[in-house]
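Chains as they are written, first to last, in UniProt numbering: chain U, 1 to 398; chain D, 1 to 398; chain A, 1 to 398; chain X, 1 to 398.
Some hints could be false.
Sample of chain U residues facing chain X (criterion: CB under 10 angstroms; computed from the structure) [said to hold, decoys possible]:
(1) 12
(2) 26
(3) 87
(4) 170
(5) 173
(6) 175
(7) 177
(8) 247
(9) 248
(10) 307
(11) 326
Simulated from the structure, these hints should not be mistaken for laboratory data. Quick caveat: nothing in here was measured; it's all calculated off a predicted structure. Beta carbons: idealized from backbone N, C-alpha and C, even for Gly.
There are 4 protein chains.
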Amino acid sequence: MIGAGFMGAAHSQGWRVAPRFFDLPLTPRMSVLVGRDAERTRSAADTWGWAESSIDWREVIARDDIDVVDIVTPGDSHAEIAIAALEAGKHVLCEKPLANTVAEARRMAEAAASARSTGVRSMVGFTYRRVPAATFARDLIADGRLGEIRQVRAEYLQDWLSDAEAPLTWRLQKERAGSGALGDIGAHAIDIAEFMTGRRLTRVAGVVETIVSERPVLAERSGLSGSAGAERAAVTVDDVALFLGRFDGGALASFEASRFRTGRKNALRVEISGALGSLAFDLESPNELQFYDATAPATEQGFRRILVTEPEHPYMSAWWPAGHMIGYEHGFSHQAKDFVEAVAASHDPRPSFADGLHVQQVLDAVTRSSDADGVWTGVEADPAPADVPADDRAFAAS
Amino acid sequence: MIGAGFMGAAHSQGWRVAPRFFDLPLTPRMSVLVGRDAERTRSAADTWGWAESSIDWREVIARDDIDVVDIVTPGDSHAEIAIAALEAGKHVLCEKPLANTVAEARRMAEAAASARSTGVRSMVGFTYRRVPAATFARDLIADGRLGEIRQVRAEYLQDWLSDAEAPLTWRLQKERAGSGALGDIGAHAIDIAEFMTGRRLTRVAGVVETIVSERPVLAERSGLSGSAGAERAAVTVDDVALFLGRFDGGALASFEASRFRTGRKNALRVEISGALGSLAFDLESPNELQFYDATAPATEQGFRRILVTEPEHPYMSAWWPAGHMIGYEHGFSHQAKDFVEAVAASHDPRPSFADGLHVQQVLDAVTRSSDADGVWTGVEADPAPADVPADDRAFAAS
Amino acid sequence: MIGAGFMGAAHSQGWRVAPRFFDLPLTPRMSVLVGRDAERTRSAADTWGWAESSIDWREVIARDDIDVVDIVTPGDSHAEIAIAALEAGKHVLCEKPLANTVAEARRMAEAAASARSTGVRSMVGFTYRRVPAATFARDLIADGRLGEIRQVRAEYLQDWLSDAEAPLTWRLQKERAGSGALGDIGAHAIDIAEFMTGRRLTRVAGVVETIVSERPVLAERSGLSGSAGAERAAVTVDDVALFLGRFDGGALASFEASRFRTGRKNALRVEISGALGSLAFDLESPNELQFYDATAPATEQGFRRILVTEPEHPYMSAWWPAGHMIGYEHGFSHQAKDFVEAVAASHDPRPSFADGLHVQQVLDAVTRSSDADGVWTGVEADPAPADVPADDRAFAAS
Amino acid sequence: MIGAGFMGAAHSQGWRVAPRFFDLPLTPRMSVLVGRDAERTRSAADTWGWAESSIDWREVIARDDIDVVDIVTPGDSHAEIAIAALEAGKHVLCEKPLANTVAEARRMAEAAASARSTGVRSMVGFTYRRVPAATFARDLIADGRLGEIRQVRAEYLQDWLSDAEAPLTWRLQKERAGSGALGDIGAHAIDIAEFMTGRRLTRVAGVVETIVSERPVLAERSGLSGSAGAERAAVTVDDVALFLGRFDGGALASFEASRFRTGRKNALRVEISGALGSLAFDLESPNELQFYDATAPATEQGFRRILVTEPEHPYMSAWWPAGHMIGYEHGFSHQAKDFVEAVAASHDPRPSFADGLHVQQVLDAVTRSSDADGVWTGVEADPAPADVPADDRAFAAS
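Just chain U, with the same shape it has in the complex (with noise of 0.2 angstroms):
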């Protein structure tokens, strides 16, 4: 795994339980973890259960004993790793977004679908697909029971910039984090929507913006906290982003992402309206399904909170009885076990970097019609990898 940050605590979590919990073809061993620095990455191989540690990725990649590179640096390194882990021939779990550009996102992607002509896996960490929740929500769309999709509203909401004091970190530096609200929060808005609908945003009209355009510098660089000094210093990344698309077929969408609406913590939300039904979803209640029949008798229609918990839910088999929660990191679990899957049966996972492509795509669009004055634009659209199925839904729902 490259990267100590916080997603390496995450996805560290989901290596180590998959196999505990689900019963892989292969199982995984947590062999090298890489960093920046000596000590800390050491001490992080240490409590994370990281066999080795180093400071070195291009060594480590070129290990024969490393089958898998799993990367979660910030974005801006992306490209780099990913590019040169395919190109040693190791299955590449990376991180969303997939990179800090298009360009960039173009050149993993061409990289992943060369690999895989070479039997090489590749995939994006859009893990939210991997709430059982989500994937469920798919699946009913899928079997049809929403009918003709007329309407998406999908909005992740936090509220961490909204004391205009909170500092300045790395995700607020245009050069380290690449995008703000649109890249970080709004890119998982648009990939759990795309997923869930089975459908791509064509066009987009929007305004990506930066509510507080200065903040406290950190005095030495720590993450998402610390004591803020007196310095202050701009804020090169939006922090709000609201647009409107367009989604092949035909249906509308709006969506938001946004640090600025105060009391909604990590609220990723997402209603979809169809002819015979609907669906909300929202991540600050992980394990509920909102679904409303509109084939009911008219006296009996409502929205049903469905605890996605049932052993026939996704993924929940492997878990607890029914009734009992799963939390944030389980669907770390589902996503190792659904990439060790794809690679024992030499299948492609999804999302797949053509996916991630896709999404910064969309990120790409709806900053030139901000830039635009808000016109509609369109979503520039890279033909699909051949080779990669439509639908992964047997690998996600199993």
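Put chains D, A and X on the given structure of chain U with help from the hints.
Only chains D, A and X this time, still in chain U's reference frame:
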């Protein structure tokens, strides 16, 4: 209408509004309001829209131009007035609780039975049966959608006594109110549970007590509010009651009536669990019914929040389009409508005085159980009057 | 009252009930109902309690014994009637939208300004401002409890067009209705967002469209329902509108009006996020306001579900004890009360015709943006009439 | 760890994960898993990550390299194993219920008291205390935020026996399980209510019964599921229990344990009402606590939904950023952490074996009350062991 307190406003609104929305076979005229103080009663009659006022209820019920007597006085005067009115050949609607004692209630039920033989109708005002969501709950159960009923939880929770300095009102004085939380709000919980399930309680076991036993005396009697003086006096009714119950048919139940459940303002909540499904109702969300259908596929089961505002729902075609809510006093319009229709159709409306007697018998059994250290105690059972149909569904759901 | 359709029932209930619960300085008399069909109008007048009926509105507004004209016709006739009534010296309450075009609305606002100088009052019927939870939301924001407002989400979601076979009614015909989802329900979302925040939209960017473009024609015009024949005709208004907005002061907003959000019956939902707190309101739970106070200790922050039923809440002391809910039509009683009080106090009530004009200008800007491929478009700004106070708080909250 | 069933998976996850997220003073090693069937136990040990497996628990607790014994067998074997382990000087964590009888539980508590004098620690696994929202509820009450506690409602509702054809498992057989709904889930309701309030039940009155008295026998014993044959046998434990309770200090309580509450999967729900506020918790929304602060201004009171995911909340700084949820098994990590810390600090952890004995005494009193026709029955009170502190707050909330 006899009585000019809080319930008078609600009943007046019922009589005033019902003919504006429902196509009634007879048109109620709001003739005389009877109170105890001439000036206040005249003022209330003006405010509420009664043509005349009086302080002599005996004179009023003797009038030939009066067909219906609506009794909204405190419980200690119900028996005398209702029996006199029935004997005078007036149709009687009597606010709950039917009476302050079982003996009074029995005399009233007997008077109602006698009057019935001469075409005189009577009804007791358990209005919450006529909240459309409650009526619809009854319909679902009557239709077998819950299967065999196994368990019932019914509670009526308020908090206006949480403050130990809340003043002593007539509702806290046994000679006026007869009972406290048990008789005033517990009676509703009992009635609605029996109404929804179509079953009667046969045995109970519980405790009735007074948590705050002394309260400030109001400088002058002024209803529910007022400035409290330094003087204190004993609260002579219960302020909390908890009891278990057994329905005919065997289902177990648990009841609670409390005015100390801080934050619950008017929470008449009922959960009914059957072999095939469940229902949950909360009067604080009166336009909703939660319904769980256990015959749905396992992955799709969930409590569905039905907005009981469709024209197909009980009473609702008279009001607004779907999704437009109704409030507390609408139940009084439904009551007025059902009562008028019953009179016009020479039909005996429910809940009957016999129903009101039965609730009183349950309350009495709870009190006896409490006095007997909580032992299970049989509910005295009067034979149901032969000419009241077991099911008033035709009248309530139109 | 001019107009005998659905809104007539609601306004009639407002006039009927307001004086029974509020202590009004003047007593409204329900004199004449004016419709188009003599027989139907007479019948409606009887049902709703108007003393007379007429089919000649010009004659009625000429009568000396008429002081107030309440206009509840479709929007295409608002301007003509309202201007004539104002010129005749009648106080005018006009249902929203103020008019079908900006030009008409401006003429009405000008007429209102002229009339004002002679002591004639006018108001537009954005009744949802007078849902106590909405008024209380405004109060909290005006008191600074949310701090600087950063973001607003306002949506009005219905689903009665989800069924592609729902028939063509006058609300779907441009010549009668003027606008569809945008003008009918989007107008409410705009008004309530502006009311709560005390800010006006200055720019918008969006899309307005018709999802189902042909529908069955009703055999005869019969309002909202009816049996559909085989014939089909074009829907000539929009049925969905999505737009972004910018408030004066800078806050970003996102709006949606839709009749395809399956399962949402009457969901006027607003979320307002500020630096110090947030609010959320949903008309499907009209007695509740969700309030998040970000100044509380971190461990104790949470959206609190305030039951807006305390006597200290706006309008509520007139109704029932805490925890007893009110419904849709109560807003019309509040509107009647506020209008009567304004007339009696020689005060100009809000929302004024100028407010109604402004909403129309926002709608117009949204349409122009939609026509211009979604580009940000300025809202035409008329100078606010000088004699309408910026804040009607004193009148709404009593 | 002794026991290889369902709870073994949960405890294993606790031991495995705790040291990865918490900075523990001692590092647990997962040494030996003990089961009854050699092959199955070996397989479970591999899956769960135990270094060795064994079928001889006596041999294992005799080993010098074993410091801690974790007992997750059915209740009938707890006493024998736990006492032997304590006498062998091993720290013991014993799954709840502590034992199947009061007599066994008392012997265990005595053994724990003896062992304590030689520095040996013991704890019973009422894990739900360690759900952060539950711990935080305790903290709020301990801080006086609810004022004097007046009422408690605690219920643990499931529905897996709603289906009368659900098969007979060991949990329905008295000789293995000791008790049914009362002992298995009612015990949790009792413990969490006492934990949150800091009070102990002194008297109870209730009913314990078996709603479905015969069920299909499984072809072979296979845990919680299996294909049912034609044969039927008696259910020998209760499947529902309802009781009232009195806490020391006087608060009244109402309890329910049921496996027939259709639609409730794992609903451990607690509502606690005090003079100054209220709390509500539901294990089906485990990351939330509803808190009502009655000291707020009347207009601003409301149940607030606190997401108990802030770093300042108990246990949560170890996990993810605010708004990222945790699941069922996290409680086992918290339990492992607290136990390890107690051992390292020579501190006696809670809940102690004495606490477990007390719960058993409450269960016993409920059963005796049920046998005595529901009469109020005193809870046998053992003097609390002197050296267990009354409050384990320091340990649970860090």
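Now for the hints, and whether the structure bears them out:
{"no.": "1", "hint": "12", "result": "holds (7 angstroms)"}
{"no.": "2", "hint": "26", "result": "violated (15 angstroms)"}
{"no.": "3", "hint": "87", "result": "violated (32 angstroms)"}
{"no.": "4", "hint": "170", "result": "violated (15 angstroms)"}
{"no.": "5", "hint": "173", "result": "violated (18 angstroms)"}
{"no.": "6", "hint": "175", "result": "violated (23 angstroms)"}
{"no.": "7", "hint": "177", "result": "violated (16 angstroms)"}
{"no.": "8", "hint": "247", "result": "violated (28 angstroms)"}
{"no.": "9", "hint": "248", "result": "violated (32 angstroms)"}
{"no.": "10", "hint": "307", "result": "holds (6 angstroms)"}
{"no.": "11", "hint": "326", "result": "holds (4 angstroms)"}
When held up to the earlier numbered hints, the structure conflicts with 2, 3, 4, 5, 6, 7, 8 and 9 and fits the remainder.
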